[in-house]
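S.K.: Please build the complete structure, drawing on both the sequences and the hints.
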Amino acid sequence: MTTHRDSTSQEPTPRPPHQVLDGTDIARVITRIAHEIVERAKGAEDVVLLGIHTRGVHLARRLHGRLAQITGREIPLGTLDITMYRDDLRLKPARALEHTEIPPGGIDGKLVVLVDDVLFSGRTIRAALDALNDIGRPRAVQLAVLVDRGHRELPIRADYVGKNLPTSLREAVQVRLSDSDGVDAVLVGDRDFTARSSQTMAAKPSEPHLPE
1 MTTHRDSTSQ EPTPRPPHQV LDGTDIARVI TRIAHEIVER AKGAEDVVLL
51 GIHTRGVHLA RRLHGRLAQI TGREIPLGTL DITMYRDDLR LKPARALEHT
101 EIPPGGIDGK LVVLVDDVLF SGRTIRAALD ALNDIGRPRA VQLAVLVDRG
151 HRELPIRADY VGKNLPTSLR EAVQVRLSDS DGVDAVLVGD RDFTARSSQT
201 MAAKPSEPHL PE
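Per this note's numbering, the sequence shown runs over residues 1 to 212.
Treat the hints as calculated values from the structure; they're not laboratory data. Computed from a prediction, not measured in an experiment: that's the story for all the values here.
Restraint ranges, calculated between C-beta atoms of paired labels, are given here:
#1 I156 <-> R28: 19 to 29 angstroms
#2 Q19 <-> G109: 39 to 49 angstroms
#3 G23 <-> I70: 16 to 26 angstroms
#4 D179 <-> V20: 12 to 22 angstroms
#5 E74 <-> S178: 20 to 30 angstroms
#6 D134 <-> R15: 37 to 47 angstroms
The beta carbon of each residue, even a glycine, is placed where N, CA and C say it ideally should be.
M.R.: What follows is the structure, given as structure tokens:
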């Protein structure tokens, strides 16, 4: 007996990304988080911002600018490379090392606010905490993220969240920032569509690549 596969049982066509935040939304989020930091840190007098490469660095710089406008002071700003602290280092292709830059005053006894674009499993933040442990001993560490998409694998939460974005595991969140991508936007779409788009862009280097 021959059976025929029902066309309705085939995998659905992957959905293209749709925008959930635009440039105005992102600017508003940065301003709100800056005010929340000042309020919770009682003026942010001992705050140090550390942006996690790559887009976390861009967001930290913007947050730094807003804090300067609000407080009238220059908040120490640095960058953190977590490449060698990732627990998936052996599972993924080799990555180029980025630059870790700690402000002259260091982080000992300070309130360090880590800044990243998307909070997902929590493994990136755990790597960041391991990296911090090798640099100094802050009095406390907080986390600011543009998007929290859920699906945590570790007991880590953000102190400052731009947007809580419920997602499924089949979806991919794309953060684009003008500093590196030419435009400010947050998009959500099916991971399969994103992967296929990336393969297509790789075959056509003249066209812009849409980062995940």
